[in-house]
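Enquirer: Residue numbers (the numbering used here): 98 to 322.
Among the clues, some could well be false.
With a cut-off of at most 30 Å between alpha-carbon atoms, the simulated DSSO-like pairs for lysine-lysine come out as follows [to be verified]: (1) K196 - K316; (2) K252 - K284; (3) K294 - K284; (4) K294 - K252.
Derived Cβ-Cβ restraints for the label pairs, each shown as a range [claimed, not checked]: (5) D209 - L295: 40 to 48 Å; (6) S268 - T200: 13 to 21 Å; (7) T200 - K316: 52 to 60 Å; (8) R172 - E296: 48 to 56 Å; (9) K316 - S268: 13 to 21 Å; (10) R144 - P183: 52 to 60 Å; (11) G277 - L168: 37 to 45 Å; (12) L168 - R308: 15 to 23 Å; (13) L213 - L295: 18 to 26 Å.
By construction, these hints were calculated from the structure, which means they are not laboratory data.
Using N, Cα and C, we set each Cβ at its ideal position, and we do this for glycine too.
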Amino acid sequence: MRVQEGKIAITFACVLLGIMLVTQYKAAQSVLPVTSQRADELISKVRDLEADNKSLKKQISELGGDKDTQLQELRYDAGVLPVEGPGIIVTLDDSTQPKMQGTNPNLYIIHDEDLLRIVNELRAAGAEALSINGQRLIGTSEIRCVGPNININGKILSPPFEIKAIGDMHSLSGALNLRGGVKESLKYWGIELQIRKLEMIVVPAYEGAFRHEYARISKKEADNS
């Protein structure tokens, strides 16, 4: 009887062990597909992240290029870069003709107002860059008489004067040759304007300092940036 009971116990234990082995095998088989699927998902996400990273790098590079272009344009507008292109060169000197009796001798020499008239006419005609005797004209450039000389960008200049202007040479020349214009009025006092049209001239960069003692960026603009 005891032998029979032992056989039954052994048989039951073997059956139970078989059931456990089958269960573990099925569990292992079910985990393998899930693990493989998870790995595929991770690989796909890594590839997506690499593609996003490449796209972001490209955008950063493009934005950097835009900033460089904008900075170059600002430097151009500020006049701190030498520029070249078609345009005209205007030369003028004090009059050498005999002075008419009773006239003011100052009428026969070049004054700041004469240069200002020429510069204004050239700017109105579309001049993109201007210089006088090698001094680049920017927004804050002064042109004023200092005795018999003229002060430009803090430099004392004397005649003859050479004015370079880059732009459409025909428009620039035409602006100075208008009837009753600056060339004609100066010629009356013996001050001749010699105008040369050239396919290529070079206007130098502004080399002075920029001073902003009172002007500041507005608070509203600073907050927006």
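Enquirer: Now tell me, hint by hint, if it's right for this structure.
Expert: Okay, the hints, checked on the actual structure:
Between K196 and K316, the direct Cα distance comes to roughly 58 Å. Violation of the 30 Å bound is thereby established for this hinted pair. A threshold of 30 Å between alpha carbons decides the hint, and for K252 with K284 the separation of about 27 Å falls inside it, so the pair holds. In summary, the hint linking K294 to K284 is supported, as the alpha carbons are separated by about 20 Å, within the 30 Å threshold. Restraint check for K294 and K252: the C-alpha separation of about 27 Å stays at or below 30 Å, so the hint holds.
At about 26 Å, the beta-carbon gap between D209 and L295 misses the expected band of 40 to 48 Å. The given range of 13 to 21 Å is broken by S268 and T200, whose C-beta atoms sit roughly 34 Å from each other. Checked against the hint of 52 to 60 Å, the C-beta distance between T200 and K316 comes to roughly 56 Å, which is consistent with it. At roughly 25 Å, the beta-carbon separation of R172 and E296 lies outside the given 48 to 56 Å, and the hint is violated.
A hinted range of 13 to 21 Å for the beta carbons of K316 and S268 is inconsistent with their spacing of about 42 Å. Between R144 and P183 the C-beta distance comes to about 54 Å, which sits within the given range of 52 to 60 Å. With their beta carbons about 44 Å apart, G277 and L168 fall inside the hinted range of 37 to 45 Å. At roughly 21 Å, the beta-carbon separation of L168 and R308 lies within the given 15 to 23 Å, and the hint holds.
At roughly 23 Å, the beta-carbon separation of L213 and L295 lies within the given 18 to 26 Å, and the hint holds.
Hint violations for this structure: numbers 1, 5, 6, 8, 9, all remaining hints satisfied.
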